[in-house]
Amino acid sequence: MSKRLRQEDGIALVMALGITVVLIIFVASMIDYTSSNSRAARLSASDLNALQYADAGLNTAYSIIVNQNVTANGNPSAANLLGCNGAGGAGDTTGPSNCATPTAKVICVTTSGCASGDAGSAAVYGYYSGVNPGSYNGVTVPAATWLLVSSGYARNPQGSSVIKTTTAQVAISPLNSGAVAAVWNHMFLTSPLVPNACSVTFGGNNMLIDVPVYVIGNMCITGQNTTVQESVGGQPIDLMVGGKLVLSGSGTKVGTDATHPITSGVVVGGCTTVSVASATTACDSGSYNYWVGTKDTFISQVAPEMLAADILSDYNNSDPGPKHACAAGGLPASTFDNDGTQNGTNASFELTPGASYTCVSQSGAGTGQMSWNKATNTLTIAGNVFLDGNLTISNSATYTGTGVIEAAGTITFNGNGTSLCAESPCNTATNAWQGSSGNNSMLTLVALKSSTTSITFNNNNETFQGSLWAQPSSTMTFVKNGVVVEGPMSIGQFDATFNNATLKPLPVIKNMPVGAPLPPNSGATVGSMTITK
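Here the sequence shown stands for residues 109 to 641, where the numbers follow this note's numbering.
Incorrect hints may have been included.
Derived BS3-like pairs (lysine-lysine); straight-line CA-CA distance at most 30 Å [as the list claims (entries may be wrong)]: (1) K588 to K612; (2) K482 to K618; (3) K612 to K557; (4) K431 to K361.
FYI, nobody ran anything at the bench for these hints, they're computed from the structure.
Modelling step: build the complete structure from the supplied sequences, incorporating the hints.
Here is the structure:
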């Protein structure tokens, strides 16, 4: 028995089987390890591709925003630009965006045609905060800023597509650092072109127009000795007229003479000395007192009308405003509205009364403020303020800050010598304000009432330094004499009969408020894109 136990016959087979099993396990492990690494590498590559496709979506969205500054009637701050609705619905451009159910733009990165979710594509949409800071999907978005959301789709070696989502922010800055649209460097007269009708009439006498002028329709100069010409040391004058130019008043002219023309100009409809219904010929034919150094190219602009949906959006979102009360101790809610409905029926608000007042946004002065210190005659303004009624200015004041005050009704300046300026004392000399002065405060006054005289200077020697806006169907009038206005304006037209008004040459505007109802192609500065996730 012991002899049989000591025999080793067949052990080689057992060892061979054992070694074979070990080798099989080793080889299987190596194959599994290699396959796992290969799958991980492919999945990692898919993750990277998906992220790259998402980045491509962001870049496309950023290009769309930037392109709005060079597109006819473009608007880089249109809240419905990138797949979301505006605050007032699908057709509204005002912020904040409503991205509850965004319609993402599909970007085909690797193919010429694709559908949403296809490998090699991206889907991107954008939320715009508007005039106040906002929040979307838990992300805080500063005022006047785009939040871009882009998802990239790549092929997954293990099944459904790999999805990577990234976000970025793009700030739309106020019009600053001189990057102000040409239209805000003009006196922009927005009454539409109607055949054989004067869209704008300068019927007063002895008026010197030494600021750039843009007229959508027909421009009629019927008063005596009213001229468009450059002042010595003043700014270059550009005259753009989309219709006819009527030079029927005695002594009317464009340019001083043949050796002292205005810098540039264009009149699409030609000139006449008879009436707007008369036939015209080329203004530079030598038949008219029309001298222009360079023939310009007319840039067609659509009148920047504030529609009911736009006004309602500002009513709801302005802070301070009807839906956003002042912080404790500030003006009562009835200052802004009396009935909870946007209808323009609230009592008139006096901006510079005989007693001080304050109104600071509950979110802080950086969000919005309208405060008046009677002791120093100083108005502090920031952000967007909405009043559902008329606005009056009856005492002189200096303002500081940058902001917009929208009145659903009219705006009226009262009192001889009343001034509202950014400089103290009021100084409308060249380079005293904006430009290189260092004083970049800017108050925009907006009169929203249509088909009326919406901005009125009632008395003698009144002065305003800032920007003015009125509906294309409305008029600004100077009732008496000696009124001085310095700054950009976008209004329907002037009253035909005002005399002896001075429209000061426009400085280089460095600080237009975000949210001002700017004309199209405002040239707002589009900031760089910052990846946030």
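Quick rundown of the hints versus the structure:
1. K588 to K612: Roughly 17 Å separates the two Cα atoms, so the pair holds.
2. K482 to K618: The hint holds at about 28 Å.
3. K612 to K557: Since the Cα atoms of K612 and K557 sit roughly 26 Å apart, the hinted pair holds (cutoff 30 Å).
4. K431 to K361: violated (50 Å)
In summary, the one numbered hint that this structure violates is 4.
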